[in-house]
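Protein chains in written order, with the numbering used here: chain A, 60 to 340; chain B, 1038 to 1149.
Some hints could be false.
A few chain A residues that face chain B, going by a derived Cβ cut-off under 10 Å, partial list only [unchecked claim]:
{"hint": "1", "residue": "114"}
{"hint": "2", "residue": "200"}
{"hint": "3", "residue": "269"}
{"hint": "4", "residue": "279"}
{"hint": "5", "residue": "280"}
{"hint": "6", "residue": "328"}
Away from chain A, derived, C-beta distances all over 10 Å, residues of chain B [claimed, not checked]:
{"hint": "7", "residue": "1084"}
{"hint": "8", "residue": "1087"}
{"hint": "9", "residue": "1088"}
{"hint": "10", "residue": "1090"}
{"hint": "11", "residue": "1091"}
{"hint": "12", "residue": "1092"}
{"hint": "13", "residue": "1093"}
{"hint": "14", "residue": "1119"}
{"hint": "15", "residue": "1122"}
{"hint": "16", "residue": "1123"}
{"hint": "17", "residue": "1125"}
Pairwise CB distance ranges (calculated) [claimed, not checked]:
{"hint": "18", "chain 1": "A", "residue 1": "208", "chain 2": "B", "residue 2": "1115", "range": "28 to 36 Å"}
{"hint": "19", "chain 1": "A", "residue 1": "312", "chain 2": "B", "residue 2": "1072", "range": "43 to 51 Å"}
{"hint": "20", "chain 1": "A", "residue 1": "304", "chain 2": "B", "residue 2": "1127", "range": "34 to 42 Å"}
{"hint": "21", "chain 1": "B", "residue 1": "1040", "chain 2": "A", "residue 2": "61", "range": "50 to 58 Å"}
Derived by calculation from the structure, the hints in this document are not laboratory data. Note that the Cβ used here is the ideal one computed from N, Cα and C, for glycine as well.
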Amino acid sequence: MEPLVLMLIALLCMSAGAIGALMGIGGGLIIIPLLTLGFNIPMQEAIGASLIGVIATSTGAATKYVKQGLTNVRLALFLEMSTTLGSIVGALIAVYTNQTLLFLLFSALLVYAGYTMLRRSEVTFTPEQAEAEGQMVDLSCRYVDPRNSCEVSYGVKGLNKGLAYSSVAGMLSGLLGVGGGLVKVPVMSVCMCVPLKAAAATSNFMIGVTALTGAIIFYGHGLLNAYLCGAVALGTFAGAYIGTILMARYSSSDLRKWFSLLLFVVAVTMVMKAFGLWGGA
Amino acid sequence: MPPQTTLCDVVQPILRWGMVLSLVLMFFGLVLGIITGSEEGSVVPLDEIPSQLLELDPSAFLTLGIVLLIATPLARVFGSLCVFIRERDRKFIMVSFAVLLMVTVAVLLGAA
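Hey, can you work out the whole structure from these sequences and the hints?
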């Protein structure tokens, strides 16, 4: 690959890293079409590079979010159990499912999630309420909002529901290769009452583990293009850093609106994908 | 509310060092590749990395960076596990083991 092309790829991947870090998604949705449609890179190489980019986004942003306390490490591990299980099941049954129908169902789900996030404002659930519920594990957490230096303490609601829904999120990402963060953030935010910034940071943190298995398999089969992966990783690292700065600039309610918008946009691209009009299916 | 500081104090340096090391290696590999005019290449298998590094093969530097990057999220699960073992937090020791088990199963199934 030409040095200039590599630099351009790194530069463009910064956007994926920034949006990923800000919204708690992986950024594969941006990286894969960018590489396949924009640079004519074969699908397999693009997926491999995108997995590396997702890990870079997750790691790059998490170094900051963990320090700020935005990442709820216990909640992340707790939900990772079901997302990883779900993604295994999803990958195993992917061969037997109708992709077109799945993409359409997925986009309907995204529209529903986006609508719910727009209509409902954030519900607070205190650590005391969580304790009163007598949950199986204590996932309460506190962070300092980098925007206004206010300390926020929150409890996590509906752990069983959260586990069930995130296994669906994992299954969808195993089936369709997308959608981990897009489903996890609304699940944490709406069903589990986690403040949006913490939900985005926690989802972003979890995505590193989700992408890890795919990346190991791709590496084992020698399917990673070293230079492409390097360029994508450097770009997404830089982008993730920008994303963490943006996170400190905006309020949770702004981010909530943007996230809904993102869900609607992705829903449209998924419908296009279902009908073969968009790269990356 | 469970204590957060110890967990963050262990997880954060793992992430930071993983990021810094892989960034430096990948950047060096890319620059070296551009200078020597070899900008094509797949990743190098694990056992060939040391010898290729000595030969200053740019792909080997890139591959080592990629491997470290992939290992970082896994290392932070191990790191959390160590904290939970030290704190004797039985529930979360099980949670961490479950995550590691799922990752292993996924890799084995994918490799098959």
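Comparing the hints with the structure gives:
1. 114: Given a least distance of 6 Å, the restraint on residue 114 of chain A holds.
2. 200: Hint holds; residue 200 of chain A Cβ to chain B Cβ min 7 Å, cut 10 Å.
3. 269: Holds, because the Cβ-Cβ distance from residue 269 of chain A to chain B comes to roughly 9 Å (cut-off 10 Å).
4. 279: Nearest chain B Cβ about 6 Å off; hint holds.
5. 280: Status holds, d = 8 Å.
6. 328: This hint is violated: residue 328 of chain A lies away from chain B, its Cβ roughly 26 Å from the closest one there, beyond 10 Å.
7. 1084: The claim stands: residue 1084 of chain B keeps its Cβ more than 10 Å from every Cβ of chain A (closest is about 12 Å).
8. 1087: holds (16 Å)
9. 1088: holds (16 Å)
10. 1090: holds (13 Å)
11. 1091: It holds; residue 1091 of chain B is separated from chain A by about 17 Å at its closest Cβ, greater than 10 Å.
12. 1092: Non-interface label stands for residue 1092 of chain B: nearest chain A Cβ at 15 Å, farther than 10 Å.
13. 1093: holds (14 Å)
14. 1119: Check passes; 13 Å lies beyond 10 Å.
15. 1122: Fine: 14 Å to the nearest Cβ keeps residue 1122 of chain B off the interface.
16. 1123: holds (15 Å)
17. 1125: Per Cβ check, residue 1125 of chain B is outside 10 Å of chain A; nearest 14 Å; holds.
18. A/208 <-> B/1115: 28 to 36 Å: Given a distance of about 33 Å, which is inside 28 to 36 Å, the answer is holds.
19. A/312 <-> B/1072: 43 to 51 Å: For residue 312 of chain A and residue 1072 of chain B the Cβ distance comes to about 49 Å; the hint holds.
20. A/304 <-> B/1127: 34 to 42 Å: holds (39 Å)
21. B/1040 <-> A/61: 50 to 58 Å: holds (51 Å)
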